[in-house]
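**Student:** We have chain A already, so just place chain B on it with the hints.
Chains as they are written, first to last, in the working numbering: chain A, 1 to 476; chain B, 1001 to 1476.
These aren't lab readings, by the way, just hints derived from the structure by calculation.
Ideal placement from N, C-alpha and C gives every residue a C-beta, glycine not left out.
Check before you lean on any hint, since a few could be wrong.
[To be verified] Reference excerpt, derived from the structure (chain B facing chain A, CB under 10 Å, subset only):
1. Y1042
2. T1069
3. G1253
4. V1435
5. L1447
Protein chains: 2
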Amino acid sequence: MNVPLRIFRILSLTTLLLMFGGESEAAQRPNVIVILADDLGYGDLSCYGHPTIRTPNLDRMAAEGMRFTDFYSAAEVCTPSRASLLTGRYAVRSGMAHNQFRVLRNRSTGHLPESEVTLAEVLKARGYATGMVGKWHLGVWYVEPAGYPRRHGFDSFLGLPHSNDMDPTGLGPKPAGHLAEQQAEWWNAPLYRNEQLVEQPVDQTKLTRIYTEEARRFIHDHRKEPFFFYFAHTFPHTPLFASGAFRGTSRRGLYGDAVQELDWSVGQILETLRREKLAENTIVFFTSDNGPWLIMNQQGGSAGLLRDGKGSTWEGGMREPAIAWWPGKIKPAQVNTNMTTMLDLFPTLASLTGADIPKDRAMDGIDLSPNWLKAAPLPSRPFFYYRGTNLYAVRKDQWKMHLFTQKGYGQPKPDAHEPPWLFNVNIDPGETFNVSTNHPTVVADLLKEIEAHRTTVVPVPSQLETVATNTPAAKP
Amino acid sequence: MNVPLRIFRILSLTTLLLMFGGESEAAQRPNVIVILADDLGYGDLSCYGHPTIRTPNLDRMAAEGMRFTDFYSAAEVCTPSRASLLTGRYAVRSGMAHNQFRVLRNRSTGHLPESEVTLAEVLKARGYATGMVGKWHLGVWYVEPAGYPRRHGFDSFLGLPHSNDMDPTGLGPKPAGHLAEQQAEWWNAPLYRNEQLVEQPVDQTKLTRIYTEEARRFIHDHRKEPFFFYFAHTFPHTPLFASGAFRGTSRRGLYGDAVQELDWSVGQILETLRREKLAENTIVFFTSDNGPWLIMNQQGGSAGLLRDGKGSTWEGGMREPAIAWWPGKIKPAQVNTNMTTMLDLFPTLASLTGADIPKDRAMDGIDLSPNWLKAAPLPSRPFFYYRGTNLYAVRKDQWKMHLFTQKGYGQPKPDAHEPPWLFNVNIDPGETFNVSTNHPTVVADLLKEIEAHRTTVVPVPSQLETVATNTPAAKP
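This is chain A alone, in the form it adopts within the complex (with noise of 0.2 Å):
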């Protein structure tokens, strides 16, 4: 489906539903802002306990708004989880995912398809001004222009097309102590404005600035007018950087510099909006796409108490510090703990928005606005744990069971288990104790619930699995 004719559809969508007595509700277009962290890991703020790492921006989001004690990224790495984020839809639906690859590469000619509709095209659709900044990895645009933000909803993007370790012009390899030492030459990470390349090597030091100033100019730009702001920050993805005003400043080290930083990017945002008295009318939602980057070691993050991190589906892979910020909608001080997802923020935003949802396909979230305004009670309901297309675990309710389990790195085949591990994750988060011997009929029903989701899953071509063989278009 080509760009014009979505929008079309998208469209008379939303015309049926004001025809159709959702008006009221329709004529409400709060803004809405998603911060997303790049690899910042459960145990990794103040207020989820870390003891070194000091976030008193996002401690006092918190306090002002609900913070979630179990809500998940839709995916154990980059690629997926954004993918998932912005269409709602498991990353296998959409091709986003692959076993051996896992996210995209420098020189992937695969994108977000065409055929996905995103969050930002269906609030674009509903009359939202669309923005983004920082990390996209939905597409390597210098190699396959369909990759650009602005062809999947944004009107506007400056960022990286990808994490900022992806080195595009291969300079070799780096030096021993690198992830330590902040030289942008190493990483030769491109920023770009729109399709227009702005500098690289960009200074890393700078990108958190960079993106925040960029925010508060489109907050402040489109005041009168209702927006959509995609915030998806470069750190603490390794290589860390941090500004000069924040190096040496966490005790935690680098890892803590870059957090405490992205902290106070959070907190101008939220200042932002106060300022220009958007506050009661902006839904903000922070959390990270995945789980600690363990093997990083040092300048890795933390998942707390659960087990194992990024690249796994243990909780710590896909188990996210998150929250949600609305005053005078969100009451101050709630903690949430649901099983909720990134794949319920599509249809959580978008009805509290008025935008439609697609109906052509499966969707796999659903709308939590009645749960977060009201604390209306949600639906029992599986939530499944992929690594690659392969579904490895599944959650409902207090009890995970695992099909496979592997960890995130330096695992290289999975240890397949039949029966399966089950844990209770509520009395269990660490997931220690497996308790699948004395819950058969657990184990049953859960395997019940992976069948049927399979029926739903169509196989579709993997997007990550080309690469270019030429040089990459956009070296300097």
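**Tutor:** Structure of chain B alone, referenced to chain A:
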């Protein structure tokens, strides 16, 4: 030294202090309440990041006061930890540590030596009413009456001589699954009021409530005079019990129920202080005696991101949740990241109350009050991690050095490290990355600290070694 002589000496020191200008400060005698949990882990409170245990009262106490990220118990298990709390001295100095027995058993003849001066004694000498509820574990008085709390400075006592699993009648092996069951007769714990046996086996489901009611009564009865109250909870040590009002209320299971009842109890104490208009004249300090008892599986707690638990000198064994509360004096919502320890409570509370500390012996803590009240910086100093009478590790600033490591339970012999292992526990609180080869001067400095400390430790007979061969006197 007998009791009257000791009190005379303490009174003399107080008189001297009053003579030499300490008058205005000494005239202040705020109330002091120390609340000690049993085996609560670093990660077990909401305000320390636990996802399924809800502790609104302790969270509120932290929000109104000061929460500590780097507070240590003075020992890895119960008896030496409690001896250190009340004496301000490492247990190796008082004979209250032992490598094999580790804690006082139900037939131990030893007890806190009368030559030790307790916090209760110095506060009593300062004119305080002194009371205690809960677990004593510094002398098994039905074996040896010198163990009674009233011989060590407390005017009144209601509680248990030791842990709640130390069946003194030897009813034989417990049924399988006993940890999950609330059957008092299997445990046969004896509840005493002062020197009188009140109930055996006591119904442990009522213990937290009984203690709390006693505490509320004590506060009310002594509202017009300065008081010191030591609230030593029996839980969440196993076997776990919770009252009907709390049983089944926590997503974390029975462990969470017990912690949530303890949280309720803390709320009751603070509420009583508010109601009696004593809040601004009462210092309340909350902490735990040691880390979580991990071998109890789902019945044991969580050290969060820290390594190992009770019984070990890894951080999980000795770093504890800790909260100080004193409305109007300690500013609200502070997070104190200094390395401080249970050994500091004696000199700190003595300083805040104008009480004397013994001058004729090594005291291992320092006065934290300038830091708590005025954010005065603390000196760089070492803390020593003992396992029994053996010094296993030392921390100074961000550096923790291990001579030996050993799991809390289930590892018969320690691993000796030569050269010692070194961790930066600010950057790496989970103690995963040994960096000793990068920091030889730090290692050398810490070895010197150990050497200097060892010259101050005079060997004393262990109080934990001798076990009565006759049947315990208090058998019902």
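**Student:** Tell me if G1253 (chain B) is really an interface residue toward chain A, meaning its C-beta lies closer than 10 Å to one of theirs.
**Tutor:** Status holds, d = 4 Å.
**Student:** Given Y1042 (chain B) was flagged as interface, is its beta-carbon under 10 Å from a beta-carbon of chain A?
**Tutor:** 8 Å, holds
**Student:** Hint check: is the beta carbon of V1435 (chain B) less than 10 Å from a beta carbon of chain A?
**Tutor:** With a minimum Cβ separation of about 8 Å from chain A (threshold 10 Å), the hint on V1435 (chain B) holds.
**Student:** Tell me if T1069 (chain B) is really an interface residue toward chain A, meaning its C-beta lies closer than 10 Å to one of theirs.
**Tutor:** 4 Å, holds
**Student:** Let's test the interface hint: is any C-beta of chain A closer than 10 Å to that of L1447 (chain B)?
**Tutor:** Where the cut-off is 10 Å and the nearest Cβ of chain A is about 24 Å from L1447 (chain B), the hint is violated.
In this structure, only the earlier hint numbered 5 is contradicted, and the remaining ones agree with it.
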